[in-house]
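Participant: Based on the provided sequences and hints, a complete structural model is requested.
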Amino acid sequence: MSRREIFMDVMFRTGLMILVYVGFALFIPSYYSVRGVAALLDGAVVIGLTGLGIGVTMLAAEFDLSVGSLAALIGVVTLNFINGAEVGMVTAIVLGVVIAGVFGAAQGLVIAITGINSLVFTIGSLIGLRGLALFMSGENTVNIPVQRLEETDFLSASVLGIFSIPSLVMIGAFVLVAAFLRYTVWGKEVLAIGGGRTEARAAGVSIKRAMVVAFAISGALAGLAGAISCVKLGSATPLGFDTLLLSAVTACLIGGIALEGGRGTVTGIFVGLLTLRFLVGGVSGLGAPFWMQNLAVGSLLIVVIVAQLSVRQLKSRHDAPALPVH
Amino acid sequence: MHRSDLLRMTSVKKSYGSLVALKGVDFNLREGEVMALLGENGAGKSTLVKLIAGLAQPDSGSIEIGGRSVKLRSPQHSLEAGIAYVSQELSIVPSLTVAENICLGGHVHGPFWTDRRLAAKVKPYLELVGLGDVDPSSFAGGLSVAKQQLVEIARMLSRNAKILILDEPTAALSDVEIEKVLGVVKKLASEGRSVIYVTHRLGEVFEIADRVTIFRNGSSFDPVEVATLDIEQLITSMLGRRLNEMFPPRATELGKPILSLRNLRVAGMESPVNMEVKRGEILGFAGQLGCGANAVIRAIAGLNPVLDGSIAMDGKTVNHRDPGAAIELGIAYCSDDRKKDGIFAGRNLVENLTSTNLNRISPGGVISAAREKATAEQLAQQFNIRIDRLQSLAGNLSGGNQQKVALGKWIGISPSILLVEEPTRGVDVGARAEIYRHLRVLTEKGLAVIMCSSDNQEVLGLSDTVVTFFRGKIVRQCEAEAIDLPALMRDVTHPETNSPGVAA
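Protein sequence lines correspond, in order, to chains C and P. Read in order, the letters of the first sequence are residues 6 to 331 in my numbering. Read in order, the letters of the second sequence are residues 1440 to 1943 in my numbering.
By construction, these hints were calculated from the structure, which means they are not laboratory data. Take the hints with a grain of salt, since some may be wrong.
Under the rule of at most 30 Å between Cα atoms (straight-line distance), these lysine-lysine pairs were calculated in the BS3-like manner [to be verified]: (1) C:K320 with P:K1601; (2) P:K1755 with P:K1695; (3) P:K1779 with P:K1912; (4) C:K213 with P:K1452; (5) C:K213 with P:K1560; (6) C:K320 with P:K1586; (7) C:K213 with P:K1601; (8) P:K1510 with C:K213.
If you only want the chain P side, here are some residues facing chain C, beta carbon under 7 Å, derived [said to hold, decoys possible]: (9) P1514; (10) L1518; (11) G1521; (12) S1526; (13) S1530; (14) V1532; (15) S1534; (16) L1535; (17) W1552; (18) I1824.
From a predicted model like this one, the values you see are computed outputs, not experimental measurements. All residues carry an ideal CB built from backbone N, CA and C; glycine is no exception.
Facilitator: This is the structure we're talking about:
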């Protein structure tokens, strides 16, 4: 792919996003109000942060399925910090994120050393972490005491009328991760092991380091999503975030992150996220029954995937004679 | 001038499964010299350099650099020990830019990589290898194989290493590009760096090397000064025997034409292909990576689409579109990627040998154990595979035995044409002669074999008719008797210097 092709790809996806948005905005007046947009953005935070993390592992040609359970566990852990150690809200969230990041790094290291397929390995952690979340919470929902609830209000305040603090955090995370992948050695190594594992190894890239980095990012972002959302809500249930994994992966796929690794952009994930959000918000805004949301998201995903496959096949047929064949 | 040993390897052994790649090899490299490694395919050259590059670890034996014993556990370790390596298989990540590829795994001052900084860093190296006009910020996947190879050499230069390894760097390059690479190698040696240069081209050895180490069948000989060497001597020590002892006699008489290609156009070939193969004939395609020979074979196998022209069997146009249809027509295809396409590594030999022929062993759709066993045993016997090994997993066999299984399973469908890519890749010398004999026996029964190989001796020794390929064009089609090894090598490497018969 050339830069131009990547740009065109993101543009097409952005076009689709705008189409979805405009389509619903025609029928739902609140969609194009400032508050409507603010609500849409705010509602995208959990999926956005998690999708960004899982997207990084997908770019490294790996897959972190543990994100949903990790978010639930970190939600519980963060609230335990607040309740037990009586630390401030922000401190508790930071602690939660650090723990999630360390867990992710360890998970990446083990996967790199053992060479176990990350899909398989993280099915294990997906189930195990859920158990740990139940254990840490005593199988009950953990709540922030009523008298401290006002300390969490800052998460619902809005900046400039559109942005809540969580949505600013999410946008910040997207910018940081994009810059990380674009401008740093470690980021390039993550892309390198995704675009050509053996080639990268032969070039002297440390597969271990790149895996640790990718899974640490994924873990930390899932933890951030879980911590922010539970603190904002004032409660954490150990069985929460059960549909998060699929939504996060959907955002990545709509955004053009390839399962085989190396291909895709952070901008794409953001566009995919908003497309998904506009669609889900729109369907529910129209008052359609819940099953319509699933049907709509599923259909959109399949349409996007089929479209990108057809474009690629057309292109490869067109390019075929020039390609060296071995 | 006295030059000390920079790198010394003592009794190094390395096996891959049951294939012994190196049986106790000694090797040394002096400071500031160019050491050429020569030998047949599978003689152990590439294995040796992979050990030095940290891509594989020796089973036993020692490696010393500058007198200190070292363990090279990964390419990173080797880099830190001052070793840079250009592999035979490319190590370019296609989804990264040229500049990023060059800097990958190396040292760039500061943690932040911007396009402009990287471009400034890599520009001089790109110019050294003749890629001054390539945009460092373009994606490496968009470059030709030859240019990607040059990018790798640029990367090696940027490493500022003491020991540089080039494993057949010129295989995919044109004469002009080869001159650039050889120039770079000479320059490096004059700067006092040591170069290990693996090649098949004897001419290059005499042009740039100081000494030569010859490999034969997993062992190495003492290094020889190039100045004291002549070509005859070189070839004899490389082979250790005369060519004709390896290969069965050629066909005395050929049957009727069975397959003909008329103006066939396929992706990977620049000009249309016209050729014919007869019953009882072994047709050998010679050429290097990207020469197009595979593309023709895969088109006949129904794997690559036919863009134009026709494939005819027994005079009738068939133009099948998928491997299933090819098999129906009696065309069997044996890929060069044995592990991936040739065998079911995790299944036993019985299942492997009968996999092409499930209809025959499953009356009414249910596999009959008795018929399965009988069919497998019959094929095993024919291919000299030990019956008592039929229950072992195919992946546990030696390369030679795997190849016999990969070939043998097709005989079950009684094909009339057998397509074989790289018939003896990863097969030790002893088993090779056996595979050649099996192929010849098949043609004596009326089969036609079309094979392609990057091993020129193999093509020349085994085939009745030889076709040489260079960069998507056929250079020459002739009887094997009418061409010798030097001419064949010229055809597949730089046919520009061959006046007659060159396709325009």
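Participant: Now tell me, hint by hint, if it's right for this structure.
Facilitator: Against the structure, the hints:
Between the alpha carbons of C:K320 and P:K1601 the distance comes to roughly 44 Å, so the proposed pair goes past 30 Å and is violated. In summary, the hint linking P:K1755 to P:K1695 is supported, as the alpha carbons are separated by about 14 Å, within the 30 Å threshold. With a C-alpha separation of about 28 Å, the suggested pair P:K1779 and P:K1912 falls inside the 30 Å cut-off, and the hint holds. At roughly 28 Å between alpha-carbon atoms, C:K213 and P:K1452 fall within 30 Å of each other, so this suggested pair holds.
This hinted pair checks out: C:K213 and P:K1560 have alpha carbons roughly 26 Å apart, not beyond 30 Å. Proposed proximity of C:K320 and P:K1586 is supported: the alpha carbons are some 22 Å apart, at most 30 Å. Distance hint between C:K213 and P:K1601 is fulfilled; the C-alpha atoms sit about 26 Å from each other, no more than 30 Å. Distance check on the hinted pair: P:K1510 and C:K213 sit about 19 Å apart at the alpha-carbon level, within 30 Å; holds.
Given hint, P:P1514 at the interface with chain C, holds; its Cβ is 5 Å from that chain's nearest Cβ, closer than 7 Å. At its closest, the beta carbon of P:L1518 sits 5 Å from a beta carbon of chain C; the interface hint therefore holds under the 7 Å criterion. The closest approach between the C-beta of P:G1521 and any C-beta of chain C is roughly 12 Å, which is over the 7 Å cut-off, so the hint fails. Evaluation of the P:S1526 hint against chain C yields a held restraint, the C-beta minimum of about 6 Å falling below 7 Å.
A hinted interface residue such as P:S1530 counts as satisfied when its beta carbon comes closer than 7 Å to some beta carbon of chain C; here the least separation is about 4 Å, so the hint holds. Interface restraint check for P:V1532: the shortest CB-CB distance to chain C comes to about 4 Å, inside 7 Å, so the restraint holds. Given the 7 Å rule on beta carbons, the hint for P:S1534 holds: about 3 Å separates it from the nearest Cβ of chain C. The interface hint given for P:L1535 is met, as the beta carbon of that residue sits about 6 Å from the closest beta carbon of chain C, less than 7 Å.
Below 7 Å, beta-carbon pairs count as interface contacts, and P:W1552 has one with chain C at about 6 Å; its hint therefore holds. Interface restraint check for P:I1824: the shortest CB-CB distance to chain C comes to about 29 Å, outside 7 Å, so the restraint is violated.
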